[in-house]
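Trainee: Work the whole structure out from these sequences, hints included.
Number of protein chains: 2
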Amino acid sequence: MSELRWDPLKNNWAIITKGRGRRPQDFLQQRQQIKMAACPFCKGNEDKTPPEIYAHRPNGSKPNQDGWQVRVIPNKFPALRIEGELENRAEGLYDRMNGIGAHEVIIEHPEHNRTMADLSTEELAEVLKAYRVRMLDLRRDSRFRYIFIFKNFGVEAAANVPHSHSQLIAVPLIPPLIATELATSREHFERKERCLLCDLVRQERASKERVVRDDGNFIVYAPYASNFPFELLVAPLEHSHDFTLLTDQQILLLADTLGDTLRRLRSILRDPPYSFILHSAPPMHLRWGRPDYWASLPSDYHWHIEIAPKLINVAGFEWGSGFQMNPTPPEEAADFLRHADPSITY
Amino acid sequence: MSELRWDPLKNNWAIITKGRGRRPQDFLQQRQQIKMAACPFCKGNEDKTPPEIYAHRPNGSKPNQDGWQVRVIPNKFPALRIEGELENRAEGLYDRMNGIGAHEVIIEHPEHNRTMADLSTEELAEVLKAYRVRMLDLRRDSRFRYIFIFKNFGVEAAANVPHSHSQLIAVPLIPPLIATELATSREHFERKERCLLCDLVRQERASKERVVRDDGNFIVYAPYASNFPFELLVAPLEHSHDFTLLTDQQILLLADTLGDTLRRLRSILRDPPYSFILHSAPPMHLRWGRPDYWASLPSDYHWHIEIAPKLINVAGFEWGSGFQMNPTPPEEAADFLRHADPSITY
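Going down the list, the sequences are from chains F and Z. Anchor point for the first sequence: position 306 equals 306 in our numbering, and the numbering is continuous, going up by one each time. So the mapping is simple: our numbering equals the position in the second sequence, first residue as 1, plus 1000.
Errors might be hidden in some of the hints.
[Unchecked claim] Footprint (simulated), chain F over chain Z, 3 or more residues, beta carbon under 8 Å:
hint : stretch
1    : 1094-1105
2    : 1156-1164
3    : 1272-1282
4    : 1318-1324
Calculated directly from the structure, the hints in this document are not laboratory data. Note that beta-carbon positions come from the ideal geometry of N, C-alpha and C, so glycine has one too.
Mentor: See below:
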């Protein structure tokens, strides 16, 4: 029988439709391809992008030239712009503010055909370090309440440049889903003096049925109320509210976990389109002379990465109700992923 | 410049990315087609579906035979089932309940190739009456906290049978988005003794810039913080919390508005995939001897229909943040739709 399941972190229900259980082979898709005349993200085409903001250049090459391993540039068509004032104001019953923010692209590798799953642990660690550098830099701008790092892979997941890249968007508001997670985590801590995600991770480690991998540093599990088939959550076992506090050594361990997880997804779902997004605590700022209401203390949050392959269409019911219908129970998804061979490529 | 916009009904922000403004022609798509050997929804194939729950048979033909104009059947692969107990309980920190509910299909017309936009006002009115009949019937089951009527049109909007149909899903919980709308509406009323959507409609009628049509009975407008390009809201001008209170005469007027609106979308977006969903007040039940917390008084809600063409991919940022990015400002969408010729077909 189908189940409705509630997640205490997201304070949200999902419908796990067990009767129509779907296995990896039911989701295999003919992947769409984008043809591009010349890829602006490839090495040698550095002049086809806006000037770089950051690059990892192991041999000390000059900015905006070949020789980089990871490169961060402003998005050429940004959703939000860095210049200007918010002009936060009402319009009758509505509210509006200007689209102030930042929108950057993290090019993960100079070669066109290497995906994130193809990167070595050391290469992937450099991408994660670029995330850290850019988050720390943008955090200094007190207009930005939140900084998102995310990745869309594949046309179906809205990646319209095939060259492997992640994105950063800084927004002048706490986004709704982050606000919910901050509120549920803070409420749990105030009542119990324990971190909510630490408690959830403890329960997952005890039952094991939704755990994909657990190397003693990072855990990967399929959330109990997964909204999507093969949805995953990656979290540090040791409590930490802030991704940017990761040491270089911890980043290497995270790269090992993340790379292996992406390879497991690639193996059983034949290189599926997917998105992932980093959820970390908001930066601490003063607002009107007081600490920002949303400013997180270490107790208030537990950073994590959420990964969702793009396998099903979100349609009328999901959009209009806020309920997701997920045809693959997370216990089955975790079982497939636990037994996946990460070395199989497509 | 892009704008962030807040909607008081949904208590949610959208990012309207004006700089990348997209017009109807930017969204025209090669529509996917589904081939089916024999369509179970066509007249003459009544024995290929589960027995009908309701049918409009103007000439009094027998159930489960030809001669119907609208036909309601149980979904053959229901997401939720009507038999059983909820068994609502905790699993450690999580909650779960059995997937009790109802899942029905409203076949809108006996002919395979007539879409909802092709129906006459009288034919469409019979579909809306079928909605009313089924809602009133399922409401008597006090396990169901909410009854959704929705429609997905086109493969891209997850309609996997091409024959024109709507769906009904009854759920044992108030869905998250409905809970938000009920809470914002109730709070507004308690503070001001006015209905929130009545206030919003008044503001829209005064400014006119987002209004697509307004015949004195029903208004169609593009919401201020539209999450999707060409998103629309259809509401009765006269306050009413409950769709099922519509008289036959009012249903004819609604059919006129809804049909014309769908034809305008078809005209400017060349028969786009779309979803719509009916938001009406939850049924009134007693729980544990008290009126249900969510049971709506007439003051607490204003029913409406939300329509969204499926033109953009929802990807990592939207999924992980709760913010939607919408490249078409609702003022522009409304302008295109106001000037659309509803008689153009594709």
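Trainee: Hints the structure violates: just list their numbers, smallest first.
Mentor: none
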